[in-house]
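These protein sequences, in sequence, are chains U and Z.
Take the first sequence: its position 371, counting from 1, is numbered 371 in my numbering, and each next residue is one higher.
Take the second sequence: its position 306, counting from 1, is numbered 306 in my numbering, and each next residue is one higher.
It should be emphasised that the hints constitute simulated quantities derived from the structure, not laboratory data.
Fair warning: there could be bad hints in the mix.
Claimed, not checked - 25 Å max Cα-Cα, derived DSS-like pairs, lysine-lysine:
hint: 1; chain 1: U; residue 1: K25; chain 2: Z; residue 2: K329
hint: 2; chain 1: Z; residue 1: K139; chain 2: U; residue 2: K166
hint: 3; chain 1: U; residue 1: K166; chain 2: Z; residue 2: K426
hint: 4; chain 1: Z; residue 1: K213; chain 2: U; residue 2: K8
hint: 5; chain 1: U; residue 1: K325; chain 2: Z; residue 2: K9
hint: 6; chain 1: U; residue 1: K8; chain 2: Z; residue 2: K38
hint: 7; chain 1: U; residue 1: K8; chain 2: Z; residue 2: K165
hint: 8; chain 1: Z; residue 1: K90; chain 2: U; residue 2: K382
hint: 9; chain 1: Z; residue 1: K9; chain 2: U; residue 2: K95
hint: 10; chain 1: Z; residue 1: K530; chain 2: Z; residue 2: K498
hint: 11; chain 1: U; residue 1: K260; chain 2: Z; residue 2: K428
hint: 12; chain 1: U; residue 1: K166; chain 2: Z; residue 2: K428
hint: 13; chain 1: U; residue 1: K8; chain 2: Z; residue 2: K139
hint: 14; chain 1: U; residue 1: K8; chain 2: Z; residue 2: K203
hint: 15; chain 1: Z; residue 1: K78; chain 2: U; residue 2: K382
hint: 16; chain 1: U; residue 1: K4; chain 2: Z; residue 2: K203
hint: 17; chain 1: U; residue 1: K4; chain 2: Z; residue 2: K156
hint: 18; chain 1: U; residue 1: K398; chain 2: Z; residue 2: K9
hint: 19; chain 1: Z; residue 1: K335; chain 2: U; residue 2: K30
hint: 20; chain 1: U; residue 1: K4; chain 2: Z; residue 2: K139
hint: 21; chain 1: Z; residue 1: K171; chain 2: U; residue 2: K4
hint: 22; chain 1: U; residue 1: K381; chain 2: Z; residue 2: K90
hint: 23; chain 1: Z; residue 1: K430; chain 2: U; residue 2: K260
hint: 24; chain 1: U; residue 1: K25; chain 2: Z; residue 2: K498
hint: 25; chain 1: Z; residue 1: K171; chain 2: U; residue 2: K8
hint: 26; chain 1: U; residue 1: K25; chain 2: Z; residue 2: K160
hint: 27; chain 1: U; residue 1: K52; chain 2: Z; residue 2: K428
hint: 28; chain 1: U; residue 1: K166; chain 2: Z; residue 2: K441
hint: 29; chain 1: Z; residue 1: K38; chain 2: U; residue 2: K398
hint: 30; chain 1: Z; residue 1: K38; chain 2: U; residue 2: K325
Here are the chains, one letter per residue:
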Amino acid sequence: MRTKVHIKGELIDLLAPFYLLPDRKRRFEKALPDPIESDPVNELARAIHPAKLKLEIAEIRRETDSAKTFRFVPAPDSGLTSLPFFRAGQYLSLKVDIDGSPITRPYSISSSPNDTLNNGFYEITIRRKEGGFFTEHIWNSWDAGMIVESSGPCGLFYYDSIRDSKELVGIAGGAGITPFRSMIKDIIENDLDVHFTLLYGTKKADDIIFKDELLELAVKAPYKLSVHFVCSEPDSGWDGLSGFLTSECISNCCGEMDRKTFFICGPQVMYKFLEKEMTCFDIPAKRIRREAFGEIPDITQYHGFPEGAAEKVFEITALIGNESKVLPARATESVVVALERAGIAAPSQCRSGECGFCRSILISGDVFVCPDNDGRRLADKKFSFFHPCSSFPVSDLKIKVIRDI
Amino acid sequence: MSGERTIPKLNDSYDIVVIGAGNGGLAAALQIAVKGGKPLLLEQHNLPGGFATSFVRGRFEFEASLHELAGIGPASDKGGVRAFLEDECKVDIDWVPVPEAYRLILTDDNLDITLPFGVQNYIEAIELEVPGSREPMNKYIELCRDLKDTIGLLGKLNEKPDITKLAESLKNLPAAFGDAASMPVKIGNFMKTLAYTVDEVTKTFNIPAKAMKILYPYWCYLGLPTSRMSFTIWAVMLLEYLERGAYIPRMRSHELASAMEARILELGGQVEYNTRVEKIIVENNQVAGVETASGDVIKTQHVICNASPTLAYNKLISPISAVPPAAYKNVNARKHGGAGFVVYLGLNAPMEEIGIRDYGLFISKNMDTDDIYFSMGKAALNNMQATICLNNAIPYCSPPGTSIISMTTLYKSEAWHTLTPGDYFKLKNKIASDMIDQFEKATHTRIRDHIEEIEVATPVTFARYTGTHGGGVYGYEPEPWDSVIPRILSQKDECYIKGLMFTGGYSQMCHGYSSALMSGQATAGAALRKMGVK
Chain U
1 MRTKVHIKGE LIDLLAPFYL LPDRKRRFEK ALPDPIESDP VNELARAIHP
51 AKLKLEIAEI RRETDSAKTF RFVPAPDSGL TSLPFFRAGQ YLSLKVDIDG
101 SPITRPYSIS SSPNDTLNNG FYEITIRRKE GGFFTEHIWN SWDAGMIVES
151 SGPCGLFYYD SIRDSKELVG IAGGAGITPF RSMIKDIIEN DLDVHFTLLY
201 GTKKADDIIF KDELLELAVK APYKLSVHFV CSEPDSGWDG LSGFLTSECI
251 SNCCGEMDRK TFFICGPQVM YKFLEKEMTC FDIPAKRIRR EAFGEIPDIT
301 QYHGFPEGAA EKVFEITALI GNESKVLPAR ATESVVVALE RAGIAAPSQC
351 RSGECGFCRS ILISGDVFVC PDNDGRRLAD KKFSFFHPCS SFPVSDLKIK
401 VIRDI
Chain Z
1 MSGERTIPKL NDSYDIVVIG AGNGGLAAAL QIAVKGGKPL LLEQHNLPGG
51 FATSFVRGRF EFEASLHELA GIGPASDKGG VRAFLEDECK VDIDWVPVPE
101 AYRLILTDDN LDITLPFGVQ NYIEAIELEV PGSREPMNKY IELCRDLKDT
151 IGLLGKLNEK PDITKLAESL KNLPAAFGDA ASMPVKIGNF MKTLAYTVDE
201 VTKTFNIPAK AMKILYPYWC YLGLPTSRMS FTIWAVMLLE YLERGAYIPR
251 MRSHELASAM EARILELGGQ VEYNTRVEKI IVENNQVAGV ETASGDVIKT
301 QHVICNASPT LAYNKLISPI SAVPPAAYKN VNARKHGGAG FVVYLGLNAP
351 MEEIGIRDYG LFISKNMDTD DIYFSMGKAA LNNMQATICL NNAIPYCSPP
401 GTSIISMTTL YKSEAWHTLT PGDYFKLKNK IASDMIDQFE KATHTRIRDH
451 IEEIEVATPV TFARYTGTHG GGVYGYEPEP WDSVIPRILS QKDECYIKGL
501 MFTGGYSQMC HGYSSALMSG QATAGAALRK MGVK
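Could you put the whole structure together from the sequences, leaning on the hints where they help?
Below, the structure is given as structure tokens:
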């Protein structure tokens, strides 16, 4: 048998609940009948992480024969007075309509966070790829004054003072120098308590982007930065390092490997090459940070890609809202490319399987997921959600496409 | 190249639209789909779950917000949430039990104690540490059981009565619990404690002061000091944890969200992401439709809103003139709960090497909840952290030789109001670093050198992904006048716009995963009744 409780006295306890709702009503009566003026936390969230940006090309600078830097400021009608702050090493996902196909491409921001905060711009530096669908388009059509749509800054390739050591090494290949320019400027401009060693590999000396600027910075801040250019096919006049970014080269430039954090950004062949070259250093995984892998140019080279699928073109039935559309899809192109070719506005950002922005539903059929780019969550695998940017059709597919923002 | 973009279209009208795919919105859409309705669930983000999600960094998949769910229980003794999801909705989730109630470290008091689940085990562990606690604790837990049993009865009432007739209505129900003779006393005890705070009730039990400190750490799951917290909701939560234990989904809370999403789709419901509802259109004080940022205009007479009443009345209702002053007064009178701050760490050492065997740790200077709450008002190191060592519940949640720790604390939203974008990254890393120190000092462990991946979520992050007011991860603070029972009994009175109902942590069941899920079930049930579906 339960005993009765006594809190403040039998009568008070018995009556107390009957005052509860009148108390509630009284509190409402006393409150202001007005809407809330603002929510600074949400305003800050939108300022730092806008879903979309409308940017104007303020200036174009030629860096090398094949590389240009584009400076972006807020588009006049964007309503933006300043651009979102970011962490040095992050990228913008540009969205460009090419012949009716909405295409996205991630490009690292090459300017510094201070440039954005104090001078109000981002810079991205693009190297033209001979015959490259996207870069050719940009080369031919982008001019000062043009408006470009972009994501807010995103990506995970940045220095973290808690995680990383104070001795940083950046290994860049080709156009992979761009996030490092941002990081190096950030370190020097903000006097961060770190030292940065840059190893930058290109084919020829003429291909070195930001060469003079990087050398000047190294002279200006020798305690923060040392720079090593390494050319694989130098012309006769080159008196710097030559060859590839081998273990020997890395070891010579960096000295002790112990307690250094490595940042690597370049083409996929370089990642594969460095993976082998750096094995001998026995560096723990936490001290090697790699920029997102990027789109896979040749999926057929991967173990597990079905034999004979390479030449095939499959059919994707894509459910979009309450409609469906049938489109062709090559086995060697990711599902996101097939959607873009069909003019379907599906979201994508990193194009490396990492950010999950394109997460969609695989209703039926099979895809081959690139093992280097499989960023799916466990439960997504369990319930057949997939990332179209890192998945390749190996049968006819039925998918539900997520709406673009 | 087709030369023309295909833009997704939705139907012109739906029987019911659910705004937001958080726990409450998913559960509501699920319940409707299970009953044969065809809900349209609209979510602004590209993922389901709201706070119930996960994210991948390197070789780790981190849980975004969940510590542990109440209301699950083992398959042999299912709690309400598990019964709803598994039996009623056939949702496929792999539930994993959490090994112990909690480890509590109070640094000022030199206290470090681990408490097991199970009422008797829990009380004995306290008795061992603080002799003389057994008897008052037994009585205290008995009172908690009175409240839980009575609330179980309350669920059987189809019509919620006026509070003056509540006790009588409950007594008239056929006895639902073993000891029918005790029921009038139990109902009496429920009524007599309804208006009181945790402190007001707990202090009358003569529990030794040190045992009170050991008893209180779950306060942070409700997030307001025990001097203001409704005793009713506290008692039910405490007993549910102790009796049935706590559970988590094996694949983080993203499994919970994805499982519900997959089931909604299977049942013929429609879910659209990246589709932010901008307007709830109201005509003649009745919901008439919704309009999205993607340009959809959808007719519907029924909206279940997973966004808070604060957001609905301030941002969504269109025209603004359709919001009555009483609705503003309602949301302005209520107090917003805590905003979240979490440090997620992927470590390149296993838990055994780090030296932590427990899943959930509450680390604090002391257990003065007013003092801790006060420290939430400043964007600096907070007095208390609630820390999860995931591998101690799910050993293979990260690759061999690694482990996952996440440290959570709460802030008042106002603490983040004056922050500028330029200072944001610096501040979040500073607080994260201080929290890592706080953990290492309290547990006498070293984790800093093992950090392979780190991510930090702040109130700004939670606002970014969910739009929640002030970055809040809890709903309105459940003081006695704004706790579960007053909310449920006032639902009719406080329905300011016909056809608009709420679900989630800001709705009738108050906050927390389990409450949000159950609110979805309850609200959907009410909506179905209005729609004439049985």
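Hints, verified against the model:
With a C-alpha separation of about 10 Å, the suggested pairing of K25 of chain U with K329 of chain Z holds against the 25 Å cut-off. About 57 Å separates the Cα atoms of K139 of chain Z and K166 of chain U, which puts this hinted pair outside 25 Å; it is violated. Using a Cα cut-off of 25 Å, the hinted pair K166 of chain U and K426 of chain Z holds, with the two alpha carbons roughly 16 Å apart. Note on K213 of chain Z and K8 of chain U: the hinted pairing holds, with a Cα-Cα distance of about 23 Å set against a maximum of 25 Å.
Between K325 of chain U and K9 of chain Z the alpha-carbon distance is near 12 Å, which keeps this suggested pair within the 25 Å criterion. Note on K8 of chain U and K38 of chain Z: the hinted pairing is violated, with a Cα-Cα distance of about 51 Å set against a maximum of 25 Å. Distance restraint check for K8 of chain U and K165 of chain Z: the Cα-Cα separation of roughly 22 Å lies within the 25 Å cut-off, and the hinted pair is therefore satisfied. Proposed proximity of K90 of chain Z and K382 of chain U is supported: the alpha carbons are some 16 Å apart, at most 25 Å.
Between K9 of chain Z and K95 of chain U the CA atoms are separated by roughly 22 Å; this keeps the pair inside 25 Å, and the hint holds. Using a Cα cut-off of 25 Å, the hinted pair K530 of chain Z and K498 of chain Z holds, with the two alpha carbons roughly 11 Å apart. A C-alpha spacing of about 24 Å is found between K260 of chain U and K428 of chain Z, which places the hinted pair at or below 25 Å, so the restraint holds. With a CA separation close to 19 Å, the supplied pair K166 of chain U and K428 of chain Z stays within the 25 Å bound.
A hinted pair counts as satisfied when its Cα atoms are at most 25 Å apart, and K8 of chain U with K139 of chain Z qualifies at roughly 17 Å. Simply put, K8 of chain U and K203 of chain Z have alpha-carbon atoms about 11 Å apart, close enough for the 25 Å limit, and the pair holds. A hinted pair counts as satisfied when its Cα atoms are at most 25 Å apart, and K78 of chain Z with K382 of chain U qualifies at roughly 24 Å. A hinted pair counts as satisfied when its Cα atoms are at most 25 Å apart, and K4 of chain U with K203 of chain Z qualifies at roughly 16 Å.
At most 25 Å may separate the alpha-carbon atoms for a hinted pair to count; K4 of chain U and K156 of chain Z meet this at roughly 24 Å. Among the hinted pairs, K398 of chain U with K9 of chain Z is consistent with the structure: their alpha-carbon atoms are about 18 Å apart, no more than 25 Å. Taken as a hint, the K335 of chain Z and K30 of chain U pair is honoured in the structure, with Cα atoms around 14 Å apart against an allowance of 25 Å. For the proposed pair K4 of chain U and K139 of chain Z, the alpha carbon gap of about 11 Å is at most 25 Å, so the pair holds.
Between K171 of chain Z and K4 of chain U, the direct Cα distance comes to roughly 16 Å. Compliance with the 25 Å bound is thereby established for this hinted pair. A C-alpha spacing of about 19 Å is found between K381 of chain U and K90 of chain Z, which places the hinted pair at or below 25 Å, so the restraint holds. Between the alpha carbons of K430 of chain Z and K260 of chain U the distance comes to roughly 22 Å, so the proposed pair stays at or under 25 Å and holds. For the given pair, K25 of chain U sits about 20 Å from K498 of chain Z by alpha-carbon distance, which is consistent with the 25 Å threshold.
Between K171 of chain Z and K8 of chain U the CA atoms are separated by roughly 24 Å; this keeps the pair inside 25 Å, and the hint holds. Only pairs whose Cα atoms come within 25 Å are accepted, and K25 of chain U paired with K160 of chain Z is accepted, the gap being roughly 18 Å. With a C-alpha separation of about 24 Å, the suggested pair K52 of chain U and K428 of chain Z falls inside the 25 Å cut-off, and the hint holds. Pair hint K166 of chain U plus K441 of chain Z holds up; C-alpha atoms about 23 Å apart against a cutoff of 25 Å.
Taking the CA atoms of K38 of chain Z and K398 of chain U, the gap is about 22 Å. The hint holds against a cut of 25 Å. As the CA atoms of K38 of chain Z and K325 of chain U are separated by approximately 23 Å, the hinted pair is consistent with the 25 Å bound.
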